[in-house]
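Visitor: Turn these sequences into a full structure, and let the hints guide you.
Here is what each chain is made of, one letter per residue.
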Amino acid sequence: MDRRVFDALAEHHGLASGGVERMLELAGARPSRAELSHFAVRVLHLGGVLSVAAGVVFFEAANWSAFDVFGRFALVQAVLLLAVAVALWRPPPAAVGRYALLLAFIVTGALFALYGQTYQTGADVYELFLNWALLGLAFVVAAQWSVAWAAWVLVLNVALLLFCAARPDAGILWLAFGSWALSTSQLLLLPLGVNLFLWGLWIFAQRSRAAHLAPRWLVRFTLACAVGSGTLAALVVIVGNGDREGAVGLIAPLLVFTGLGLYTLRGRRDVFPLALIEGSLILLSTVWIGESLVQEGFGGFFLISAWLILTSTVSGHYLMRLVRRWGVHGSAT
Amino acid sequence: MSTWELERTMAAEGLIPEEAPPLPFGSGGRPWFVSLVMGVAGWLASLFCLVAVFLLFDPNTPVGAGILGAIMLGLGFGLYAADRDDAFFGQLALALSLAGQLALMYAIGEATDSAVTVAAFAAVISGALVLWLPNHFAKGLSAFFACLAWAFVVRLGWWGDDLFGQRRLEVPFLPALTGWLIIWVPVGGLVHTLIRRETRWMATSARRVARPALTGLLLGLSVGTWASEPFAALPFTTPPTEIPENWLVLWPLLGALAALFAAGSAFRLRHRAMIGGAIGGALLHVVHFYYLLGVSLVVKSYIMLALGAMFLVGARSVGAGGGQGVTPGRERPGGAPAGGTFGRETP
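Residue numbers (the numbering used here), protein chains in the order written: chain V, 2 to 334; chain L, 457 to 803.
So these bits of chain V aren't anywhere near chain L, every CB distance computed over 10 Å: (1) F68; (2) V70; (3) A75; (4) P92; (5) G117; (6) D125; (7) L155; (8) L233; (9) L255; (10) T259; (11) L266; (12) R267; (13) G268; (14) E292.
Computed spacing ranges between beta-carbons, pair by pair: (15) V/A62 / L/P480: 56 to 66 Å; (16) V/L136 / L/G736: 21 to 31 Å; (17) V/L89 / L/P480: 49 to 59 Å; (18) L/T649 / V/L89: 46 to 56 Å; (19) L/A584 / V/A211: 51 to 61 Å; (20) V/T119 / L/G645: 44 to 54 Å; (21) L/W499 / V/Y120: 39 to 49 Å; (22) L/T649 / V/G247: 52 to 62 Å.
Source of the hints: derived by calculation from the structure; they are not laboratory data. As the structure is a prediction and not an experimental result, all values here were calculated from the model. Virtual Cβ for every residue (Gly too), placed ideally from N, Cα, C.
Guide: Structure below.
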């Protein structure tokens, strides 16, 4: 229950200070001293590990020119080995093991960056991130931790977006897609599809014994990546050269959004996917209006402003109706 | 526990009468993502509205721009007051009030040619709007903007308003630290006081101001130091001479500590979205700390290592002092840790 509901209860029932105090106690709305201490310990642990890791990275970066090639690789690989050793000593689900494997995943990326920088293989940046995602997958699976999965999803999405946006005519993905003569917007359907697949995996995991690996925030994050990719594809069609881009980059995301919307309305579990879709549609429609009215002066700006107000009002009203009807909760502002 | 169940329990304890009507369904706030969609759309609408009004009326003087700003702000306030519950009028009022504030700030800037004066005006008007605007979301935004404006007042007032770094600053350690503390200690103190006295103001009409103000202040602590960053350390042209020592570079790191304080405060309110936002803000501040110029990277690395050691020692002390009362464990389905570490899922 969020705080504004408690405010509403206090106002509705005319509670005095003592009554409010007791209401919060009954609802368990205040963490106990033990919970506060536990939270502080976890935050201090996480902060300490990340601060030390950042300190090591800063020190290496500061003295980079002083190290020879062997020294640089030895330094990064030593950190990787140390992280793996700690994870073997205290394997997940122990917190230390999880942090160590997360660190190992991050350092894997640093190792690939160092390799690419040192040997000038001609590999594109997207290949660095793609290899990082593929080879770091083992650490992420071993960590058994949603935070590690979120980091992995982020790295994978960076790889896919770099590939789709940069259009390098080289590398692993280009071998697969190079002969298809795809436009940028059509290529951007790839991250849309990949993220949708991952989202489906998390939904499946939530209904299985691996539910702890797919908390709601991770599911939402992955879906946001999918909708973001689809929105970008559609934007490229709207803003770019329609003849070159074709309509597929616009129609396919809209169809996906329609399917997602229908699935969400049927499931009645979470309003967040609909908020994503509505936000995307507001953005796309506003950009389309802007493209059409760019020469119209103050009238065009006024119309865009009115459109934004109207669409956001309708969206908010509809979403809140669903929130009330489905009885779902979210952290309120 | 649902709202209805809580009310039954409260009635059983005699806190409310048995026959008291239940709280109407849907009372309370919007989910954060609904507020985000509406807030971003309202913001964009305000920018387009401002451009449209300026293109239409073409104010040539600061007075003209100020009059337009005051009218838009007044219209926005009037719309909020006229119908507090209607979403359309709420969005329109948000767009108009934001556009009005921006127009007034533009007018002040044109009249005085002083960034400090604009920042001071923004701080005063945002603070006033927290008290006067009838809309919860608008109050929260105003509180956040008031934090940013206050940060700019101190930053620009003390070290000048050369925002794009053409003049290289040389700021010693103590003034840099003092400046940051002057900005953010009052904000942190206000957050702590509001949380400590929560039950008192929840029982009065002050909750309509205190609740959104608390949200805005927490957001300010989480990301506000970004807005008060030492711009002079990021020049847009290559500096002609060696970069002088500038301890304003410490501000992002202090901002990360403020964000962690915000995370702890959000945990006391069981506000999961704000906890996540604050932790994200802390991480971004560290990245910011890396890139700022003014202190060598070696010194920065020593600072991070010392900070990390302090955190780990602190974790050990807190843990030894009673942090083991709740057993940490694997996440439960739905993301709630078994020990309730980062807030509880709604049962």
